[in-house]
Amino acid sequence: MNTADLASDVSRAADALRRVTVEIRTNRRGLGAGVVWREPRAIVTNAHVVGTHQTCAVHFADGRTKEGRVVRTDEDRDLALIEVAGDQVEAAVRRDTTPLRAGEVVLALGHPFGMSGALAIGVVHASGERWIQADLRLAPGFSGGPLADAAGRVVGINAMVAHGLGLAVPAAAVEEFLRA
Amino acid sequence: MVSMLQTLSDNLAAAAERVGRRVVAIRARRRIPSSGILWRDGVVVTAQHTIQREEDIVITLPDGTDVPATLVGRDPGSDLAALRLAPTNVPPGALDVAPLDAIRAGSLVLALGRPGAELTAALGLVSAVGDPWRTWHGGRIDRLIRLDIGIYDGFSGGPLVDAEGRVLGVNTSTLLRGAPTAVPAATVERVLGQLLEHGHVPTGYLGVGMQTVALSEQSTGLMVMSVDPAGPARRGGVLLGDVITAIDDKAVSDPADVLAHLDAGQVGKPARLGLVRAGQSTSVTVTVGDRPIAERRRRR
Chain A
6 MNTADLASDV SRAADALRRV TVEIRTNRRG LGAGVVWREP RAIVTNAHVV
56 GTHQTCAVHF ADGRTKEGRV VRTDEDRDLA LIEVAGDQVE AAVRRDTTPL
106 RAGEVVLALG HPFGMSGALA IGVVHASGER WIQADLRLAP GFSGGPLADA
156 AGRVVGINAM VAHGLGLAVP AAAVEEFLRA
Chain B
1371 MVSMLQTLSD NLAAAAERVG RRVVAIRARR RIPSSGILWR DGVVVTAQHT
1421 IQREEDIVIT LPDGTDVPAT LVGRDPGSDL AALRLAPTNV PPGALDVAPL
1471 DAIRAGSLVL ALGRPGAELT AALGLVSAVG DPWRTWHGGR IDRLIRLDIG
1521 IYDGFSGGPL VDAEGRVLGV NTSTLLRGAP TAVPAATVER VLGQLLEHGH
1571 VPTGYLGVGM QTVALSEQST GLMVMSVDPA GPARRGGVLL GDVITAIDDK
1621 AVSDPADVLA HLDAGQVGKP ARLGLVRAGQ STSVTVTVGD RPIAERRRRR
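If you read the sequences in order, they're chains A and B.
Just so we're on the same page, the numbering used here is the position in the first sequence counted from 1, plus 5.
Just so we're on the same page, the numbering used here is the position in the second sequence counted from 1, plus 1370.
In isolation and in its complexed conformation, chain B is listed as follows (with noise of 0.2 Å):
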């Protein structure tokens, strides 16, 4: 008879072995390379953290033949990048992805990695699953995954995996301060489909720099501290000093809730600016711009 313990160890090699066929090493660092996941015809999904050099990245594949890879685009917001590599080198059969819905706390998980030739694996829980999250670098995260498993070189960029060999998603140890965590499959395919069409994530932009205030006792807005000459909210009429208190008819009073508003899909989009102008309730309207590149860094 086999027993219950030798059936699991057998399940969680024969996960390990599936998904590794599609575990890559990527060299875009000084010393230990990181990991990848050929996640689609020559397209690696990692952790864009441990993307350090964007020239001269050479990608190790499972069977040990090395190949160039080209920087499609990165997102700091999501700890996710894409990089492309010839498609004749992927494996058989298409990445077995877990929906949501499947990650539950409790659940047994494999973290892989490939931190050189060898495929590694960790054995740990999913501890909780949270609701929909927003990252310090402002990444829109479908679902929090917090992790009691072991870091160990190789973690970031490698695939979390369920006892079943279904992908749950790109494991990283940077956005929860060093914790373990990972980037659910749904957010990381929605993140992918947009560093494929645009390089990069669009990020809703109004280009002005905002401070809570009180209007009154039961009121507060945000004022405009800074405007950047050239961004939409200039273009659009917002002066310094104007005190923005809604969006889009939707009440206001951090700035977090304007960027919770500024999302990918707004970009292009006319925005309602309820504002109080010298005392008085006036209102512009924005077309929404995308974050560009210079303020994508600085909030790295």
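Only chain A is shown next, with the shape it has when bound in the complex (with noise of 0.2 Å):
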């Protein structure tokens, strides 16, 4: 196996991920992060990232700036829909249903401190119906980007640390809170 492959696998996989991850700020001091989840308009992040607010800037990996307006919450699983007007330019990959296994490689993207499209690597801790948990680093702004698989793939929103541990919605999740 050659390491500079593996590296370069690795900022492309990030590179991915970078374009369809936005920076959410709801006031000058709250950042989290989001994903656009699908074309054209929807963008998901965490309950916690947008709280009680009722519009949002959404800053694109383009460079763009648009206002988004939160359409629903749900504190329980700790999701939020936001839409934006206008035209996006893509939407992120999802993983189709095969599960998770421990072990797995697995990527997150966020904005730790307001540094913009952060990467943290580690592995899946152990995979479960409401929170993925991963072994990886994250940090405050991490919340709402997406955890991916190792080939890109989004498998999950980053929503809190526990014991260490990076606790992720499952995507199948974010797929039930849109259809509800």
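Possibly wrong hints are sitting among the right ones.
As the list claims (entries may be wrong) - Estimated spans, in silico, between C-beta atoms of each pair:
hint	chain 1	residue 1	chain 2	residue 2	range
1	B	Gly1548	A	Met120	25 to 35 Å
2	B	Thr1435	A	Asp101	52 to 62 Å
3	A	Arg135	B	Arg1400	18 to 28 Å
4	B	Ala1630	A	Asp101	52 to 62 Å
5	A	Val98	B	Val1428	38 to 48 Å
Calculated from the structure, these hints are not laboratory results.
Glycine included, every Cβ here is placed at the ideal spot set by N, Cα and C.
Join the two chains into one complex using the hints; note that each chain is given alone, in its own frame.
Okay, here's the thing in structure tokens:
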């Protein structure tokens, strides 16, 4: 195995994720991440990122900033749906229903401490219906951002850190939330 | 084209899945179960500090079935314990164990666990590999393995696995003052053999308390400060106030020198103690005993 190839694979996967990850600001201090879940308008983030706000600023990876409207939140699942007006670049590629396996490599993208598009890498610790537990180092600012597999396909939305493990809402739960 | 990252991911997940078929959950403490490894037919190895009760132990197998288990023995020195269960529950294929020299600093490793029904994995590195060492409980470990890895529920007692799916050792968080380490598979094999044969790891015992004293400006010895009245040293004629200067012709100046000489292999064998008694050099021969259970408990 060539480690240079491995490194370029990681940066390629990170670049692809960065294109579908947005920054969400509700005021001057609040900052979270979000995922362009489907075209043309639906962006998914955590409910705790938008709080009680009705609108937020959505900053895209291509430099555009648009006003987002909070359509719906589910505090129990810690999910929020945001819609923005107009056309968008691209939506995240989601993994099919292949179950996650313990030990599988996962990537997370977020904006820790105001740093845009930072990458964290680790493995699946355990995968449950309610949460994906990931052994990777997350920080505030990763909330609402994507958790993806080694192929860069989104498997969940990062929501919190518990006992050192990253907890993400599984993609299936996000789909369920969007259908509701 | 399948990417290298995908290949790495597939290899890690496959390694976890393969070894995970031998990772069990042990219910021998309150709250969260600990992890163990089906090391041989009907024998589970775990970290002894996670076994908090010695009766009513239940093991949950990877397929979800609960089976009763009995404690074969424990060794605080190496933080290992062995449990026995019905031998019909063994997955096919032998445990794939890595040789000692395959444990290298920088290797990617997975720590597997089963703190419940689900298999868990954490990824990290072997950060350093050191010489054979002795734990603060006196256990002899064939290599010091320092790990850079997260310690989550179920870490201790689970296997350390390399990217090829070979078991490097048994993880524990207690031997290095809370830092993650693993007891190498070679040490596990040795300790397991002794636990299965004796129920404990025999440790050479003289039955004396010693303190380093200066005999002259150049030489030091070990003054006998206490003598176990039923111990091997007393039977061999060692007296309070004797100064031990050598054991089997090897000079000793620290109690650790004596401990290093008293490994399992010495039990039952004669040891010649060089002494200074009342200013005169002399020697006595004692038969090395096995450390009594009470002594072992006290050292835990």
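Going down the list of hints, with the structure as the test:
no., hint, verdict
1, B/Gly1548 with A/Met120: 25 to 35 Å, "31 Å, holds"
2, B/Thr1435 with A/Asp101: 52 to 62 Å, "31 Å, violated"
3, A/Arg135 with B/Arg1400: 18 to 28 Å, "24 Å, holds"
4, B/Ala1630 with A/Asp101: 52 to 62 Å, "59 Å, holds"
5, A/Val98 with B/Val1428: 38 to 48 Å, "44 Å, holds"
In this structure, the one hint that does not hold is number 2.
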